[in-house]
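**Student:** Assemble the whole structure, with the sequences as input and the hints as a guide.
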Amino acid sequence: MFTSRTLTTGGKFLVPGFRLVRRRVNTQAYVDSIGALKADLKKAMLAKDDLKKTTIRGLLSGIKNKEIDNQGKTLDEFTLHELYTKFITQRSESIQEFEKNNRNELIEREQKEITVIEHYLNQLPVASRAEIDAKVSDFLQELRRKDADLQLKDVFKKVDWKSIPPSWKASAGMIRASIASQFKNVF
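So in the working numbering, spot 99 of the sequence shown is number 412, and the numbers just go up one at a time.
Bear in mind the hints are in silico, worked out from the structure with no lab data behind them. Ideal Cβ placement from N, Cα and C applies to all residues, glycine included. Hints are supplied without guarantee of correctness; some may be wrong.
[What the hints assert, rightly or not] Simulated crosslink set (DSS-like; lysine-lysine; CA at most 25 Å straight-line):
| id | residue 1 | residue 2 |
| --- | --- | --- |
| 1 | K361 | K448 |
| 2 | K497 | K459 |
| 3 | K470 | K482 |
| 4 | K386 | K482 |
| 5 | K425 | K413 |
| 6 | K366 | K399 |
| 7 | K399 | K386 |
| 8 | K361 | K386 |
| 9 | K366 | K379 |
| 10 | K351 | K459 |
| 11 | K379 | K482 |
| 12 | K466 | K497 |
| 13 | K475 | K386 |
| 14 | K471 | K482 |
| 15 | K459 | K475 |
| 16 | K448 | K366 |
| 17 | K448 | K475 |
| 18 | K471 | K459 |
| 19 | K377 | K366 |
| 20 | K399 | K448 |
| 21 | K413 | K377 |
| 22 | K379 | K425 |
[As the list claims (entries may be wrong)] Derived DEER-like restraints, expressed as beta-carbon distance ranges:
| id | residue 1 | residue 2 | range |
| --- | --- | --- | --- |
| 23 | R416 | T387 | 49 to 57 Å |
| 24 | K459 | E431 | 37 to 45 Å |
| 25 | S374 | Q454 | 18 to 26 Å |
| 26 | A461 | A360 | 55 to 63 Å |
| 27 | S374 | D460 | 46 to 54 Å |
| 28 | A360 | Q495 | 24 to 32 Å |
| 29 | D462 | N414 | 52 to 60 Å |
**Tutor:** Next up, the structure:
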């Protein structure tokens, strides 16, 4: 019988073939969202709601694939936001293709799936695009008052990337995109 003491000593493995598995720590909002999806999947299965059931299964599958791709990294509500928006974009593109081919029944199904995904997207504690743009605009105006000759790369250097994304409830990628799109308007 192996105990934890016999498995490792000072970071070295005494028993070949045994590995310690580190569990990644995800944010509470991420864990709560996954729990809500699983609970709603169960409800949809009991209610025999095929549309909601298949949509939620697709979401959970995409989330699981993201977890596998980002093994060992912390996942958060911003990751879910990006995934949900990606799924909505895919379905919107499918709707355009179905419109070209006059597939009305498939268009209707995709629109219903978008509604289900948007429901979960709106439950995430993430700032909307308009809120982020407003905060970025204020931030850029403040920087412009201090120094009117800043370049875009200098603006990125002035952003405190550790404190601003959590306080603004936005991912760093969303903030970067907003800064890049508004920079020319302000400077």
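**Student:** Does each hint fit the structure? Answer for all of them.
**Tutor:** Evaluated hints:
Under the criterion of a C-alpha separation no larger than 25 Å, the hint pairing K361 with K448 is inconsistent with the structure, at around 44 Å. Using a Cα cut-off of 25 Å, the hinted pair K497 and K459 holds, with the two alpha carbons roughly 17 Å apart. Among the hinted pairs, K470 with K482 is consistent with the structure: their alpha-carbon atoms are about 20 Å apart, no more than 25 Å. Proximity of K386 to K482 is assessed by CA-CA distance (about 19 Å); at most 25 Å being required, the pair is judged to hold.
In summary, the hint linking K425 to K413 is supported, as the alpha carbons are separated by about 19 Å, within the 25 Å threshold. Among the hinted pairs, K366 with K399 is consistent with the structure: their alpha-carbon atoms are about 19 Å apart, no more than 25 Å. Between the alpha carbons of K399 and K386 the distance comes to roughly 20 Å, so the proposed pair stays at or under 25 Å and holds. Pair hint K361 plus K386 does not hold up; C-alpha atoms about 36 Å apart against a cutoff of 25 Å.
With a C-alpha separation of about 20 Å, the suggested pairing of K366 with K379 holds against the 25 Å cut-off. At roughly 49 Å between alpha-carbon atoms, K351 and K459 are farther apart than 25 Å, so this suggested pair is violated. At most 25 Å may separate the alpha-carbon atoms for a hinted pair to count; K379 and K482 meet this at roughly 21 Å. A distance of roughly 13 Å separates the Cα atoms of K466 and K497; the hinted pair therefore holds under the 25 Å criterion.
Proposed proximity of K475 and K386 is supported: the alpha carbons are some 16 Å apart, at most 25 Å. Among the hinted pairs, K471 with K482 is consistent with the structure: their alpha-carbon atoms are about 19 Å apart, no more than 25 Å. Proposed proximity of K459 and K475 is supported: the alpha carbons are some 22 Å apart, at most 25 Å. For the proposed pair K448 and K366, the alpha carbon gap of about 37 Å is over 25 Å, so the pair is violated.
The suggested pairing of K448 with K475 holds, with an alpha-carbon distance near 16 Å, which does not exceed 25 Å. Straight-line distance between C-alpha atoms of K471 and K459 comes to about 12 Å, which keeps the hinted pair within the 25 Å bound. Straight-line distance between C-alpha atoms of K377 and K366 comes to about 16 Å, which keeps the hinted pair within the 25 Å bound. At most 25 Å may separate the alpha-carbon atoms for a hinted pair to count; K399 and K448 meet this at roughly 24 Å.
Annotation: proposed proximity of K413 to K377 is violated, straight-line Cα distance about 33 Å (limit 25 Å). Of the supplied pair hints, the one linking K379 and K425 holds, its CA atoms being roughly 24 Å apart against a limit of 25 Å. For R416 and T387, the Cβ-Cβ distance of about 41 Å falls outside the hinted range of 49 to 57 Å, so the restraint is violated. Range check, K459 to E431: about 39 Å between beta-carbon atoms, so the 37 to 45 Å window is met.
Distance hint check for S374 and Q454: the Cβ-Cβ separation is about 43 Å, which falls outside the suggested range of 18 to 26 Å. Checking the proposed 55 to 63 Å range against A461 and A360 shows it holds: the Cβ atoms sit about 60 Å from each other. In this structure, S374 and D460 meet the distance hint of 46 to 54 Å, their C-beta atoms being roughly 48 Å apart. Roughly 45 Å separates the CB atoms of A360 and Q495, a value that falls outside the hinted 24 to 32 Å.
Between D462 and N414 the Cβ separation comes to about 54 Å, which falls inside the hinted range of 52 to 60 Å.
Of the numbered hints stated above, those contradicted by the structure are hints 1, 8, 10, 16, 21, 23, 25 and 28, listed in ascending order.
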